[in-house]
Amino acid sequence: MNLLLVEDDLDLGNGVRIALANQGMDVVWVRRLDDALRTLDGGTFDMVLLDLGLPDGDGLDLLFRLRRDRQILPVLVLSARDALNDRLRSLDDGADDYLVKPFALAELLSRVRALARRSYGFNDETIRMRGLALHEPTRGVIVDGEPVELSRCEFDLLALLLKRTGRVVTRRVMEEQVLPGGQANGSNSLEVHISNLRRKIGQGYIRTVRGIGYVIDVQSLVRSTTK
Amino acid sequence: MMQALAQRWKNWKQPSLMRRLLLAQMGVVALLWTMAVALLLYDSYEDPELLKYDKIFQTVLAISQNMADHPDKQQETLAAFDAALLETVGDGDAASDSSPVMQVWQGDRLIYRSTAAVPVILNSAPNRIETVKAGNREWRARTLVSATTDTRVMLAEPSVWRLTVTVMYRGYYLLPLVISLPFLIFPAWLSVRLALRPWRQVSKETAERGPADLTPLSYTPPHKELQPLVQSINSLLQRVRDSTSRERSLIADAAHELRTPLAAMRVNVEALKEQSTDEGQRELMGNLLRSNDRAARLVGQLLQLMRSDAVSDNALPVMLSLDGLVQDRLAMIEGLASARGIELELVCEDRVPVLGERESLVSMIDNLVNNAIKYSPSGSTVVVHVAHEGPHALLTVADQGPGIPAALRERVFDRFFRNPDQTQSGSGLGLAIVKSVIDRHGGEVTLGETAEGGLLVTVRLPLAMAEAPQPMLCS
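The listed protein sequences correspond, in order, to chains A and H. For the first sequence, the working numbering begins at 1 and goes up steadily by one. For the second sequence, the working numbering begins at 1 and goes up steadily by one.
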């Protein structure tokens with residue numbers, strides 16, 4: 001995967017470059033907006049990691065130019081600005097994701113991978129997690145090598161959870177995105193669907209966070225496997 | 001009782017403009033009165049009324065001459081006349097210091113004197129008002145000599161100093177002052193009070209402002225005396241406003257600038273940690289990362305504090321559903337909790353609308369829940385409640401940690417205050433941020449204890465009155 005890293009800070013840029021290179025990614029690192037534009041013209045990249053405060057301009061300008069030229073190149077913004085407005089503006093301007101400095105390396109890697117998955121999804125539409133594999137176009141699910149039949153709602157719920165592995169999906173998001181007219185179905189319909197889903201794919205995957213939502217952890221928690 | 005008295009005394013001792021003005025006015029009145037009295041006294045010294053009337057002298061001369069043949073009747077008539085004089089001019093008492101004195105001679109023989117207490121008073125020349133010293137006292141005296149006989153009449157009045165002493169002694173001077181001053185004080189007090197009304201208006205407006213209100217005073221008095229004061233207050237406010245906003249942007253910039261090196265440190269250490277296989281080195285790098293975390297959190301909290309301090313003019317409160325907001329935030333924080341082996345639980349009623357500023361409410365929730373997670377032992381549960389309670393939206397966060405001793409429950413809201421027995425690292429800013437956000441939203445926060453001795457934070461925010469709260473979008 002070819003990444004363009006636009007970051008003016010020497011130590012941070014170098015650190016990110018080395019860390020990503022360790023993960024087998026090819027990183028081109030530039031420190032100025034001009035260089036970024038030239039480099040983008042000269043090569044093909046799969047993703048841009050973009051700092052906003054650059055010495056010769058605002059990273060949002062680059063974003064704006066990219067989007068104006070109808071490039072669908074995924075852009076992950078790395079910024080020290082954490083105010084809601086800054087985040088919303090970047091996303092409105094066409095950024096695909098936004099990460100506030102300082103960030104954990106694991107978080108950066110997971111966002112980069114998620115973004116890559118989303119953007120060149122045609123190469124690999126299967127989301128794999130531990131023993132689970134979910135193929136969106138065919139709506140097929142395989143658990144430990146065995147295909148499993150899921151209802152439409154159950155599949156959507158599982159897909160939602162798998163796309164956000166490691167992050168809790170709130171009950172409200174699930175109800176709004178997966179269960180049409182969610183509240184009209186009765187307050188326990190989400191529980192019913194999840195319970196059916198668990199019965200079909202096994203108990204070890206979906207963890208309940210009471211009152212908040214559900215999560216599929218990246219690593220199975222010891223507690224849930226021993227239960 | 002003693003305290004009340006002491007307080008009164010203190011009030012009385014405190015300098016007051018009102019008192020100064022009243023004293024000055026009373027002083028002027030007293031001075032004018034004194035001058036008037038002095039002028040009267042001086043006038044009667046220069047030209048005593050009695051000595052100016054030739055008729056009186058001539059009457060006495062006539063009595064003396066006509067009755068020269070009957071000394072008994074002469075004495076009697078002169079005494080009667082003298083008594084009449086005393087009655088009119090003096091105060092009727094011949095022995096008094098301020099009484100006039102009459103002496104009549106025939107040739108060299110003194111045929112009548114008002115009182116033997118006064119020695120003989122001799123003018124140097126007739127028909128002139130003079131000051132004569134007689135028996136240790138000074139007199140204003142005039143002698144008239146008969147044109148036909150050798151009879152002489154001398155009338156004398158005590159000198160002005162004696163008069164003054166008498167006037168003072170009898171209270172002619174002080175009494176009017178003492179009686180009239182209280183009557184003067186009230187109108188004077190009233191007029192001063194009325195005149196100072198614009199002054200009080202300025203001080204009222206200044207006193208009513210909140211600590212964060214740095215806008216210029218709205219009341220601009222037309223008075224020449226007050227305008228400079230109001231102008232200087234306004235220019236002071238302007239300077240404070242400027243320096244506060246400079247300070248704020250400086251700290252915000254600094255916090256901002258700190259984040260990049262912190263991020264660089266973190267990424268490099270993490271990359272290094274992944275390459276390292278030495279357990280000892282990995283542990284040290286873990287320490288580095290934890291310190292980095294703390295610094296990052298502190299920087300984040302400083303920024304939050306700046307934002308919640310900036311009584312943001314542009315941040316209009318919006319209708320938010322507290323239940324949805326809490327659910328979202330808990331979902332975000334859950335990763336941190338599960339990494340520490342702590343279970344998060346939310347018990348919430350539907351549709352708890354509050355009017356507020358999203359970002360500051362988010363930082364309030366984050367700080368409360370992060371705190372609970374931080375002080376909870378592994379394997380415990382942090383329970384968050386969201387509910388309606390009368391006119392309030394109720395948010396409680398309960399943990400199973402050590403709690404906060406009752407004595408410290410107020411102080412932990414102070415900036416940078418930390419429980420001295422606390423072993424967990426922290427900035428001491430979290431609860432200060434919480435408090436500042438809640439204050440700005442017109443709510444209240446109390447710290448208590450759960451049944452198991454953990455900390456129970458109770459937040460009450462005014463419930464927004466809305467027919468149908470808008471569903472909140474999830475981020």
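Simulated from the structure, these hints should not be mistaken for laboratory data. Among these hints, one or two may not hold up.
In silico contact screen, one side only, chain H against chain A (beta carbon under 7 Å); selected entries [said to hold, decoys possible]:
| # | residue |
| --- | --- |
| 1 | 252 |
| 2 | 253 |
| 3 | 254 |
| 4 | 256 |
| 5 | 259 |
| 6 | 263 |
| 7 | 264 |
| 8 | 268 |
| 9 | 271 |
| 10 | 294 |
| 11 | 327 |
| 12 | 345 |
| 13 | 349 |
Where is the CB? At the ideal position from N, CA and C, for every residue including glycine.
Legend entry - Violated constraints from the hint list, given by number and in increasing order: Those not satisfied are hints 1, 2, 3, 10, 13.
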